[in-house]
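Colleague: Sequence:
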Amino acid sequence: MVVEEKRVQQKGLSDLPEVHGDIVLRFAPNPSGPLHIGHARAAILNNEYVKKYGGKLILRIEDTDPRRVDPDAYQMIDEDMEWMGIKIDQKVIQSDRLHIYYEYAEKLIILGGAYMCTCEGGEFKKLKDQSEACPCRDLNVEDNLKRWENMENMSEGEAVLRVKTDIGHKNPAIRDYAAMRVVDAEHPRTGKKYKIYPMMNFSVTVDDHLLGVTHVLRGKDHLANSEKQKYIYEYFRWDVPVFIHYGRLKMEDIALSTSKAREGIKKGLYSGWDDPRLGTIRAIAKRGIRKEALYELMNEIGVKIADSTVSWKKIYGLNRSILEKAANRYFFIWNPEEVKIEDIPDSVKGIIERPLHPDFLDRGYRKIPFNGEVCLVKEDIKENKVLRLMDAVNMVFKGRKAIFHSLSFEEAKEAGAQIIQWIPKDDNLKAEVVMPDASIVDGLVEPFCINLKVGDIVQLERFGFARLDEIRDDKLIFYFAHK
RNA sequence: GCUCCGGUGGUGUAGUCCGGCCAAUCAUUUCGGCCUUUCGAGCCGAAGACUCGGGUUCGAAUCCCGGCCGGAGCACCA
Numbered sequence: 001m002v003v004e005e006k007r008v009q010q011k012g013l014s015d016l017p018e019v020h021g022d023i024v025l026r027f028a029p030n031p032s033g034p035l036h037i038g039h040a041r042a043a044i045l046n047n048e049y050v051k052k053y054g055g056k057l058i059l060r061i062e063d064t065d066p067r068r069v070d071p072d073a074y075q076m077i078d079e080d081m082e083w084m085g086i087k088i089d090q091k092v093i094q095s096d097r098l099h100i101y102y103e104y105a106e107k108l109i110i111l112g113g114a115y116m117c118t119c120e121g122g123e124f125k126k127l128k129d130q131s132e133a134c135p136c137r138d139l140n141v142e143d144n145l146k147r148w149e150n151m152e153n154m155s156e157g158e159a160v161l162r163v164k165t166d167i168g169h170k171n172p173a174i175r176d177y178a179a180m181r182v183v184d185a186e187h188p189r190t191g192k193k194y195k196i197y198p199m200m201n202f203s204v205t206v207d208d209h210l211l212g213v214t215h216v217l218r219g220k221d222h223l224a225n226s227e228k229q230k231y232i233y234e235y236f237r238w239d240v241p242v243f244i245h246y247g248r249l250k251m252e253d254i255a256l257s258t259s260k261a262r263e264g265i266k267k268g269l270y271s272g273w274d275d276p277r278l279g280t281i282r283a284i285a286k287r288g289i290r291k292e293a294l295y296e297l298m299n300e301i302g303v304k305i306a307d308s309t310v311s312w313k314k315i316y317g318l319n320r321s322i323l324e325k326a327a328n329r330y331f332f333i334w335n336p337e338e339v340k341i342e343d344i345p346d347s348v349k350g351i352i353e354r355p356l357h358p359d360f361l362d363r364g365y366r367k368i369p370f371n372g373e374v375c376l377v378k379e380d381i382k383e384n385k386v387l388r389l390m391d392a393v394n395m396v397f398k399g400r401k402a403i404f405h406s407l408s409f410e411e412a413k414e415a416g417a418q419i420i421q422w423i424p425k426d427d428n429l430k431a432e433v434v435m436p437d438a439s440i441v442d443g444l445v446e447p448f449c450i451n452l453k454v455g456d457i458v459q460l461e462r463f464g465f466a467r468l469d470e471i472r473d474d475k476l477i478f479y480f481a482h483k
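Each residue of the first sequence is one higher than the last, beginning at 1 in my numbering.
Any given hint could be a false lead.
Derived BS3-like pairs: lysine-lysine, alpha-carbon spacing no greater than 25 angstroms straight-line [claimed, not checked]:
no.	residue 1	residue 2
1	K220	K51
2	K382	K340
3	K230	K107
4	K475	K453
Cβ-Cβ distance ranges computed for the label pairs, FRET-style [to be verified]:
no.	residue 1	residue 2	range
5	D437	E410	37 to 43 angstroms
6	E263	A415	52 to 58 angstroms
7	K107	S14	36 to 42 angstroms
8	M251	K453	28 to 34 angstroms
9	D427	D89	51 to 57 angstroms
Hints are computed from structural coordinates only; laboratory data are not their basis. Each residue gets a CB set at the ideal place from its N, CA and C atoms; glycine is no exception.
All chains should be built: construct the whole structure from the sequences, respecting the hints.
Modeller: Listed below in structure tokens is the structure:
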């Protein structure tokens, strides 16, 4: 008897089709820079599915285009993976495996599935676009092997190995695509040792098969590639993994590609790969966005093929619900204005205690000395308006003078006072907050912040959440997360 | 231009395969209110969507056709 499954609210990720026992997934970035939010989606989704079904997650570094490899990227990718808390079961680097691709290329030639094409690129395209085969297509296996063995001696552009698909395929992109090519450039890892490099469609297919990948999660920009790759699976009679394509993830305000970001860094426009304006994982981390927020976001977006646009607001909302509980509170005074309150009763002078977190009193209290001389946020100062300095006194500005008004919170409420933060005039720490647009807000924080450690994420009351990034010359450098 | 794919409130999602339980889910957002020694959090309330036009059907977000809009791919990048 089949139970009615409709109308059952699905929580989280949709089911993966065709799961039989353990699954094997891979995350396969190109090492052209650090990971960005788009990579995070692929990495996190793969990770989540492996956790859900059990199996194995492989990290595969696709560095088969020597010109597009950033030597630093290998390490940056590892760091970013670690920050995301993704544990991989196996790591392979494609530039270690070139001999494997050579071996399978030769096999494919013998199977009649590939041929060595020496046509000029433009010429080939012209023929291909009219569904016409080029002369090389009819070469026999022996001639192809001869050419293949000679490929080592050829220079860039002289020859490619093509997978024989269907020259009449209605999608021109599928017709006889390249599998191997000559590259005359130094590879950051292997130097000049090799000059024949596989094209992505070839190395990916060989690796996915050899590594036992069961499901391939990739962006829909690979739709045509999946179809191309099926030809190779067929020639070798390999099982085809389940291909799942997801749509583009657009981030509002971040149109920056890795290459544009690199340019900007080089020109000094950005401070580095972790500049708060960039969409890299490290920039997001620096700003105090927690990985859990990213996980929730990616789980919610899932793997559907339609594009989605993610706003910072969305990420902030997710992050806020995490930080709200986690972050302790501190006073930050930007645009500080020194104020001496007159007629303060001696009884209130001393150490004021205020909870690190209003909902978790067991975390303890900050201690702030109060003697009537304070710094306030300039914008908070208004004539004739009663202000309550949190947990201290009520006061009012009359003319140029700051005068004591009353003591209790009740009196502040009666007077309709605004409740504001403050710090002692003579006992404070210098601070600056780097905002998401890289502008800097200068100010002072309360002395208790001396206990903070780099990496701590706090809420600066009435200002927002921020992460302590660095302590430089007794100055605390925060990065702003969000309100 | 050719090939392929998609379109549910501002945003993200569920539902679409197998039409009725959908005057459409949940979240976020926005706006009110309450509460509160943060303009935060919490609580209450409100706003807001099936791209359009035909067709099939007793019945369409769901199936079919067309338009519109959007996206992806289209020499040796992944």
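Colleague: If you test the structure against every hint from before, which numbers come out violated?
Modeller: none
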